[in-house]
Each structure stands twice: as C-alpha cells, then as structure tokens.
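Asker: Those protein sequence lines, which keep their order, are chains A and B. All residue numbers for the first sequence refer to the working numbering, where the first residue is 1 and numbers rise by one. All residue numbers for the second sequence refer to the working numbering, where the first residue is 286 and numbers rise by one.
Since the hints were derived computationally from the structure, they do not count as laboratory data. There could be a bad hint or two in this list.
As the list claims (entries may be wrong) - Listed next, the stretches of chain A that the computed footprint assigns to chain B, with coverage defined by at least 3 CB atoms under 8 Å from CB atoms of chain B:
{"#": "1", "region": "13-20"}
{"#": "2", "region": "97-104"}
As the list claims (entries may be wrong) - Counterexamples of contact, computed for chain A against chain B with all Cβ distances above 12 Å:
{"#": "3", "residue": "Thr80"}
{"#": "4", "residue": "Ala130"}
{"#": "5", "residue": "Ala264"}
{"#": "6", "residue": "Gly275"}
Ideal Cβ placement from N, Cα and C applies to all residues, glycine included.
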Amino acid sequence: MLTAIREVQIPLLAAVLLGAFVAKAWRALRPQAGAARSDPAGLFPAHLRRPIAILVLSAELGLGLGLIGTAVPFGHPWPTLPATVARTGTALFFLVAVGVLNEMRQRRPHSGCGCFGELSGTPIGLRTIARPGLLCASAVATLGLPPLRMPSSPTEAELWLAVLAFELALIAFLSPELGEIMVRLGYSEPCELRRMPVGRTMSALHASSQWRRYAGQVSAGGPSDVWREGCWRFVVYPGYARGRPVDIVFAVYLQSRRPAVRAAILDADTDEVLGPTGTRQSAVI
Amino acid sequence: MRHLADIPRWCDDVTDSTSPTRFARRSLLKAAVLGWRDESDFSPIAMGNGDAGAAERSLIYTVTGRILDVSPQILILHTERGEQRFPLAASAQAWRGGPVSPAALRQGDHAIVRRRHGGGPVLDRIWAEIGRVTGTIIERDGPTSLLVDEGPAKGRRIVLIGPEAAGRIQVRFPRLEPGYLIDVIGHKHDGYLQALVPATSQPPYRAGHPPAAPMVSGHVPDPVSGTAVWHEPGEEPESLLGLAYPALDPETSCEHATSVAPLRPGDLHAVEGYAVDPHATGSGCVRLPYLSVGSLIRLRNDCAEQTRIVPVTSCGATARLFCDRCVTCGTSRRGRIADLTMAAFVELGGALEVGCFNATMMIGG
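With the hints as constraints, model all of the structure from the sequences given.
Answerer: So, in structure tokens, the structure goes:
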C-alpha cells in the first residue's frame, strides 16, 4: 500500500508542475495580460518581478520534465543522483511555496495566488496554502524510490488507480481553481456583451414571419439604418404604406436560435406610429 | 441611403453632417418598436419630439463661447447665439491655468461657463482655455515634451510639462515613458497642451494591457457605476450635450475607423510600436453593454446629485484603457463608463479642472 502511494506521486507531481507552467505561460502570452494580476512576483520590487516570474516558470518546467525524465530506467545501473536532485528540488519548491503563499496571504489578503495563472484569482486561504504542503510531502515520499514500473497484477493496478483517485480528489478539494474552471466551462456571455455579425441578424430577420408580413411594403433593396442597443439590433427599411412614405423598423433579439423579431411602421414625415408597437415588457435591453 | 454592404465601414458620429438626424431618430424608432419600460422614463413618443424633448437634450446650465470683454461684474461672450452678457456672482470662480479672479480672464479666450441656476443669467463658474490630453505616450523628447496618441479617432497631441507642474504630475504619473498612459489637464495652446494638473493616477500597466473585466452571469447590471470623465470637443460642436461611449457596437460603429492624424515626417516609425488601438485590447475592466451612436443614457453625477439624459455621440474606446477610479466624492467603482463632452460634464455639475466625477448610468434613458 505504502509503495503504491509512493509510486503515483511522481506522475502526479509532474502533472501539477507542468499544468502550472502552462497556465502561467498562457497568461503571460495573452495580449490582455496585465500588471494588475496577482502572483508571488508581486511581493518583490518592480525591477525584480519579471526575473522572478521567469525563474518560477523555469523551475516548474524544469522540475516537471526532470521528474518524468528521471523516473524511468535509462541506464545500467540506474543513476540515482539526477532523480534525487529533481525530487529534492520539487520538495524544496513546494516548501518555499508554502512560505510565500503564507506571506502573500498576510500582505495581500484579497489577491489570488496566481499558481495556475488566471484561474487562481480567489483570495488565498488555508486550503490554498495546504496544497503545496501536501505536494511537498508527496515529493519527500518519492525520495529513494526506484524507477517506475508497470503494475505487476490487476489488483496492483486497481490499488494504484484508487490511490491516484483519492489524491486527485484531495488536491481538487484544496484547489479553488476547480470552481473557476467549472464556471468558465459553463459560461455564456450575456447577450448585451456578445458580438453578433450584422449578416446573422439580417438572416434571422429575413427568415422571420414579421419580415414576410412587411416585405411587400419595403421599397429599397437594403436598410437605411442599422444599429444596436444591448440585446437588440434595429434595422430600418424605407417603404410605402397607406399611400405614404414610411419607415419600417424591425427589432431583432440577439440570440443564435429563433430570435424574437418585432416590427413597427412610422410615417416617415410625421413620425406617427402606424403599425404595431412593442410592449413595455419587451423593452428590456 | 446607406446599404448593407457599407455597414462594416460605417463610423457613427452624430456630428456627421450628412445625417445627424439619423442618429437622433434612433431613440424614437426604438420606442416605436419596443415601447418603454417605465412611464417615468423619457420617451420621445410621449414627448412628441417637441419642445419638452428638445429642452431635455439642450444645455440649461452651460454656455460656451469666446470672451469679448470681462469686468469684475460682467462677462461678455460671443456664443453661437451671438453676443451675450452675463452678470457674475460675487462668489464666481474662474480657472485659467489655475484659479484666478474673473477679471484676470483675457479677451479672445475660449471659455465654458456655468450658470448658477438653470437658464438664469448669473454665472458662478468660468473655465478659460482649458484642455485635456488622454491617451498613450508614444514619444518622449527630454523631460518636458511628450507625444501622446489619443486613439484612432482623435489622433496625436503634444504635451509640454513645465517645471512648475512637473513634480505634481510625476507624483501621479511616475512613468512618463512611451507605452504608458497619461491623462492631464492644462492650458490649451495652438498645437500643444501645457499640462498643469494630473487628471487621474497612472495605471500601473502598459497601455495595451488593461486588466480583464470579471465575468458577468445573466444580464449586465443596470444601472452601472464607475467614473465619468470629459474630453475636448475636437470636431464636435462645442455645445454638444453628449458622451463618447466606451463600448459601441463593433459591427456597426467606429471599431473599423482608422483615421489617424498624419505623422510628423521622418522620425516616427519607431513610435508606431507604442501606439495602442483600444479596440484591440478587450473590453477594459468594466463590462458595458454594446450601444450605438444615438442611444440614450441616463447619467447621474453622484457627487453633485444631478441627472441628465445624455445621447451617445461618439466612440470612447480610449476610455477602456483606463482602469482607474474617481475619488471626487468617495471612491468610485473601477473603470470609465462615460467620456462626456465638456459641455455635458459641466452641465452635470462636474468641475473640469478635477477631471472626473463618480457616476451612475442607466441604459435606455
């Protein structure tokens, strides 16, 4: 049992380190990456922040790859020194992280740890600090472990999977980022903020019953005005109705499927409303 | 008539001489097709686009013009209505590069004044030759001269910082270097602005990297709170009551505009690397619903407790770059929600030399 626990630590630690590296690198490379973000580099003077951030990224990448590269036998006899260095380095890295996060929690109680880039915006709590503590203990447990091997029996494989699942659940419990990931996966931009091409609005309008109802009165091939307010896009066509020039106004709700379409007709000269108008409830933008 | 094929090239601007009424009619057309959500709201249909509606959208407190003569008791302005005489209140305050007595104003100065009472003759505030530059520093020539890019719609301005103002400005703008933001108020001269006071504190990030706004679930909150600032008229009429909105619909508005003022010949190719297109930097740190020129916004000055319905008249994308707060009365929420014309800012009770007020806005009038 103890051996099984030790054996799953190396791939787990490597995955955490490389995941943190990718998340931080993604944030650094994004155009909106701002200095207003929070991470441990913010504890240092401005001129040291960039080197510190690069150092952290390099350490995560180097240790992650080092753990994987030294976990499998690649020589006879298998050299233990590189593996010991990588595993000790990992333990020290997470030990330092515990101290840094504790310091950040006291000095910047409202900022996130930045451990996984933009996903780590939740203020640092005890759970966030306990996570590197757990990972530090995991790294210590790998010291002296021989090269990784495949499980020798189905029973042993099941044991490994059970240990892995338990530890993943424990890390998930200690990770506020999980909530952020779930939010992002299920997030849909409000219609007021969603970009919607005019062409899609026109397609939706031309497929609507309101368009079929008023198309015969439209006197031009294209709209005279198109604009947007919040969730509605408005399209105005010139036309003729009851023997006088009119403006036919369509309002198309900005949603992908079966958008609501409303219409009204106004006298082009007097602005008198000749056709159906919307209801008060419909005006929510 | 504009056709669908032209839509991506549109650059809405209510000052567009070819069709200003097109934008003014939008609220009317919207009301016709959707109705209004509350009887107490300003409705062009209810107003019939008549005198009451016009009064609602015209300046009550504010007058702009050129000073013809001034004495301790009387100010004579040449306005768009011709020559107008205004008695000065005993407590009247004037600003011309700093607080001065009204008698210190000069003939020929361009002035914007505020009446003590709406529509009344007596003035209590006068600002003369006041200007503002807001944007990204793209070139620095020595410690006192900056070239600032104000965005695709406004072009570039030269800012000079005199020794008397350098300390005051550098406290709030420690990085007067290419790539960083600046927002200063000062004395307007031909071709440059003599910076005198900082209008905000410099954001710590580079101009192209404003922090992202938090995600919004459901609908965007209405009303929205934040900071309201002002801008110089540029090509707009000086007495325009309106605002530059930071989130115009990118599909039908100014997002595609690329009218940049011509560069000085020779030395500016390196400068281009610092110019920031605010349309390419995300939504800024406050999430605002997409609107268009002609949309009506009910804007409240939380400090002066004055509210007006103000139409969107131009693009204010540069405001997205500033993730700052206004501290005129308490601390506002982060982010600029409206970039008002000078006239609208004064009309809402703002002090131009302060640069901002804490504001709350409601979409749809």
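Asker: If a hint holds in the structure, say so; if it doesn't, say that too.
Answerer: Outcome of the hint check:
1. 13-20: violated (count 0)
2. 97-104: Since three or more residues must qualify, the claim that chain B covers the region 97-104 of chain A is violated, with 0 doing so at under 8 Å.
3. Thr80: holds (46 Å)
4. Ala130: With a cut-off of 12 Å, Ala130 (chain A) remains clear of chain B, as the shortest Cβ separation is near 26 Å.
5. Ala264: Its Cβ does come within 12 Å of chain B, the nearest being 4 Å, so this is violated.
6. Gly275: violated (9 Å)
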